[in-house]
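**Q** Protein sequences appear in the order of chains A and B. Numbering-wise (the working numbering), the first sequence opens with residue 75 and increments by one. Numbering-wise (the working numbering), the second sequence opens with residue 2 and increments by one.
For the record, the hints were derived by calculation from the structure and aren't laboratory data. Even glycine gets a Cβ: it sits at the ideal position worked out from N, Cα and C. Mixed in with the good hints, there may be bad ones.
What the hints assert, rightly or not - Ranges of calculated distance between the beta carbons of each label pair, as one might list FRET restraints: (1) 343(A) <-> 613(B): 25 to 33 Å; (2) 491(A) <-> 606(B): 49 to 57 Å; (3) 625(B) <-> 176(A): 53 to 61 Å; (4) 586(B) <-> 176(A): 26 to 34 Å; (5) 25(B) <-> 114(A): 47 to 55 Å; (6) 219(A) <-> 586(B): 22 to 30 Å.
Said to hold, decoys possible - Anything over 12 Å on all C-beta distances counts as not near chain B; from chain A, calculated: (7) 129; (8) 506; (9) 510; (10) 558.
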Amino acid sequence: MLMVITFFLSMILAFASFFMGKKARLFSIASAWLMAILVGIYIYMTFGGGYHGGIVSQYNFQIAPSIGISFTTGVTGFTGALIALSAVIILVSLMVVEKDSENSIYGLILSTEVGLFGLLISRNFLFFYIFWEVVLIPMYFLIIRFGGAKRDRVGLKFFVYTHIGSVFILLAFFTLYNYYYLSTGEFTLDMGTLMNTAFITGHIPVFWRDFMLFGFLIGFLVKLPSFPVHSWLPDTYQTAPYPGTIILAGGLSLMGGYGLFGILLPASGIFSSTLLYFLAFLGILSLVYFSFVAMFQKDIKRMMAFASAAAMGFVTISFAVGILEHSYTQVLELSGGMFQIIAHGFIMALIFASLYYIRRNTGSEMTYGLGGIYREAPLLSSFMLAGLFASLGLPGLAGFIGEFSIVVGVYQGITWWIFFIILGMIVTASYHVWVAQRALYGPYNEHLGHIRDINRKEFATLCGLLVLIFVLGVFPNLLDGLLTAYVGGLI
Amino acid sequence: MFIWAWLIFIFPLIGFVLSWSIGRYRKMLGGVIASFMVGLSLLASYETFLYVNSLGHPLYQSYQWFYNIKIGVYVDHITLIMVLMVSLVSTIIHLFTMYYMKGDPGRHVFFAETSLFTAGMLGLVVSSNLVVFFLFWELVGLCSYLLIGFWFFKPNATAAAKKAFIVTRVGDLLFLIGMAVIYNALVGYPGLGGNSPLSIPFLINNASSIASYMGATNLGIAAVLLLGGAAGKSSQFPLHVWIPDAMEGPTPVSALIHAATMVTAGVYLVARTYNIFFYSAPFAMYSVAIIGAFTALFAGTLGIVVNDLKRILAYSTISQLGYMMAAIGLAPVIGAAGISFGMFHLVIHAMFKALLFLTAGAILISLMDLRDVRQMGGLWRKMPVTITLFLIGSIALAAIPPTSGFYSKDTIISASWLYFSHYGSFQAFLPWLFLSLGALLTVLYTFRMFFLVAVGKPRSHLAEHAKEAPIIALIPLFILAFFSLFGGYLFQVPFYNYLATGVTLPSIPAYIEDIPLIYVAIGFLVALYLYGTSRWKSIDLSRNFFYNLLKWKYYMDVLYTRIIAERIILPVSAAFSTVENSYNSGVDRTGSGALSFGTLLRRMQDGVVENYFIVLIIGISIVFLLVELFKVVI
């Protein structure tokens with residue numbers, strides 16, 4: 075119940091923060107903290123005593139049961155972790171809002187939190203879809219009101235592109251809804267009932283089954299994003315204000331990942347092996363392609379956008395290969411994919427938050443516009459460096475556990491294709507280290523003049539994130555225990 | 002739970018936190034805390050040593066880390082030797098570093114990073130699972146990166162740090178695939194019995210049944226992939242390019258990381274997982290032997306032409322690492338004695354190479370970081386104590402008979418002759434050939450370096466005004482000098498038998514045994530003839546083909562940087578980026594196409610009733626016309 079209360083509370087607080095005037099900043103940060111603490115308590119209470127797979131905190135609020143509409147909630151180990159991730163990234167993104175921004179930005183950020191919470195706890199497709207769209211709208215306004223150059227155009231592109239993906243999801247679950255009615259004479263939009271291998275393979279014609287799968291995959295892969303449906307990504311990341319970028323990197327990838335592992339995985343029997351091989355290929359292609367593209371970017375923000383997309387390539391690979399092979403490594407690689415989503419959210423939050431401070435203090439976010447800033451801002455540079463190393467998958471930090479599980483787990487499924495993954499990882503390492511060398515180290519770029527380091531509050535923000543990343547990297551079982559239990563309950 | 006074994010690497014971790022946080026405010030204390038904490042881990046290592054010896058069997062404790070990967074400590078005799086060596090050398094180097102880094106504004110960061118490095122290295126040595134091993138393995142790689150680039154304002158240093166990280170990363174990822182191969186093969190293995198498939202004690206104790214379960218060839222592939230990781234870290238042949246550049250870092254870093262400890266991690270990995278190599282197909286062990294032996298020769302040739310004092314030492318390190326690797330690779334014939342030989346050379350090498358680097362550091366301080374040996378000369382008179390220590394290191398490196406280097410290295414060369422006489426084939430002859438020629442080159446470049454540095458007249462203004470380092474800073478070095486001189490004589494046979502049971506020194510014909518000694522004499526005389534006098538100045542080799550080949554390091558750097566990085570990776574990246582841009586603008590154009598179509602539709606609805614009326618009329622006429630047309634046609 076606590077989670078449902080937290081969710082409704084977040085709705086009220088987000089609404090209220092639009093009317094707070096000058097106090098909006100304080101109010102929104104306080105409410106984000108409140109959310110984070112409530113989520114923390116909830117997760118500790120629910121999963122602290124051991125979790126053995128399945129759905130917990132199920133509640134049902136009937137709205138129109140005759141046509142299948144009811145607000146059903148439920149949380150799994152995976153969604154619990156994602157809820158915690160979204161609470162943290164919202165908090166971080168509020169911390170990096172520019173001081174003199176218009177007050178509505180705080181309300182918009184809190185509204186995305188409402189959307190994220192809502193879609194993660196809904197077990198009913200209609201509400202899932204509503205909250206899925208609720209995330210998009212504040213993001214759109216964040217971009218067109220607070221973004222950088224060409225924000226109108228980029229905002230529109232982002233909205234239309236991702237919305238087209240969402241519409242396919244709508245069509246997909248309408249297909250399910252329809253055929254469920256045809257086969258049983260009942261209307262339901264319940265996820266657990268509809269996403270059921272026996273029902274789908276038994277009662278839906280092949281064409282509509284493929285249509286439904288296609289719809290879901292398009293919707294989720296756009297959000298993830300995966301090659302070739304990623305065109306919204308670089309422009310949007312670059313143009314969005316830093317809080318928006320953090321939400322994009324953590325929150326929107328989270329949505330795509332939740333779609334794959336939370337919604338499609340329970341019905342994993344409906345995938346044909348051809349489709350899975352294709353998905354695995356897409357994942358490998360994304361990883362290699364985005365890594366190479368990222369290497370050629372001069373703008374660090376844009377480069378990290380591609381780095382984020384490349385990290386999501388791992389997720390697609392682990393999803394596809396994890397379903398494909400029925401062997402002992404299945405649990406390892408699937409939980410690795412989910413771990414990767416969560417670790418990636420934290421890591422990207424750290425990178426973009428430090429990059430925001432760099433941008434604010436130096437006025438530049440281009441690799442060649444910086445140079446040697448370690449001399450003037452050692453703490454800030456250290457955090458950026460830590461973020462870069464976490465992002466390239468250094469052991470001891472959160473990024474490693476996911477990548478390790480995936481690389482080791484998928485080996486049996488894809489054999490020598492693993493060398494492409496390794497190629498991607500080497501290129502990834504190269505450009506991360508290259509950025510560190512050019513932007514943070516080397517002789518100081520005297521054109522920047524005197525720049526200041528971060529103050530205590532900013533230090534606390536970054537340090538908190540780094541500690542989280544470090545704890546997840548050193549005590550992965552805090553999270554991995556939940557994920558393996560979740561996967562173990564499904565397969 | 003035996004706490005001391007864990008404290009071995011936890012003490013320096015505490016040192017990392019403390020020396021950074023306290024050192025920020027009291028710069029002096031940073032070094033003191035770091036040295037103290039590393040000293041404590043020497044104590045912990047000693048306690049563990051006593052405990053495990055009294056225990057009579059290896060110490061193994063593990064806890065779940067995630068899924069079926071466990072974190073824990075595994076301490077057997079190899080581990081004990083390594084932890085004692087690492088913590089001893091690290092303590093000595095930390096003490097010397099307090100002198101070396103005095104006055105540097107960032108020295109608290111430096112000491113924090115060296116503490117972290119020591120923690121990583123000790124953690125690597127004691128860890129009981131390959132994944133945890135890999136974690137510490139990358140941690141030391143990170144520290145190496147940070148410390149090479151410690152003087153971040155030097156473009157060379159940051160470039161070298163980047164190069165070191167990327168090259169070792171290539172090896173590390175091979176290591177990762179090796180783990181993937183083993184994990185996938187063993188995760189369904191019935192004999193697993195609750196162990197993690199990557200647990201080191203499980204792998205080495207059941208290696209023969211594992212080999213028959215997954216096939217000797219598959220295990221060999223995994224072993225070669227592990228060797229790839231070891232080659233990256235220990236800078237063996239194709240991945241050796243990073244160490245010479247890494248000399249841009251502070252000299253204690255070169256001594257600690259790039260001579261005594263981190264670069265031996267690769268050798269340690271092979272020694273640690275020795276049974277995997279031993280029971281897999283023969284090609285795995287042979288690649289260890291041949292890569293090691295070839296590296297020993299190859300790096301030796303490069304060491305002859307370099308003029309940078311630290312780079313000469315760097316190439317000698319690569320070459321000596323090759324000897325250690327080759328010694329382990331000889332195992333099919335000499336058995337586990339290969340580990341004994343390799344590890345003994347590893348420990349002795351750590352002593353004399355740390356000594357050489359630290360004395361080189363003292364020399365560089367007094368010469369204001371002038372590193373070109375051609376401009377030194379005559380330093381023996383200026384700084385007698387330092388150069389005497391330097392000489393002790395040099396003769397140990399050159400394996401002049403009574404020093405430790407002779408005991409540790411000549412055994413390996415003799416063993417390689419045994420290897421040849423057992424197989425009698427040409428391939429089996431190669432290790433001996435490479436290793437013994439390597440001995441000749443070692444003497445040559447060592448004494449070239451020594452004569453250029455120490456004797457003759459000072460050849461630059463800085464060399465004329467060189468001054469001795471304070472004697473208190475040099476005291477820790479005497480411990481190293483002692484081991485370099487007498488370690489071999491005192492410890493050789495007990496050491497060999499500590500690591501493996503029933504090791505005998507290889508007995509081979511006397512005329513073969515003498516060949517390395519003859520080489521030593523020849524090398525020494527050539528060096529004396531050329532560099533003991535000023536004859537070398539009159540030799541002009543700048544047009545000689547072989548000289549240029551060596552000067553350009555066999556064009557390996559050119560291959561990696563100019564060809565692979567700049568002609569392959571970068572153009573591919575540019576091409577992908579262009580594809581991405583055009584794809585992106587294509588999507589944009591589609592979007593604006595849709596928009597302009599929408600605009601067209603909007604313009605038609607302009608609210609002027611006359612226009613609507615005209616459209617209506619035209620539309621109706623067209624419909625009528627079409628209907629009439631269809632009537633005619635039908």
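**Q** Would you list, in rising numerical order, the hints stated earlier that this structure does not obey?
**A** 1, 5, 8, 9 and 10
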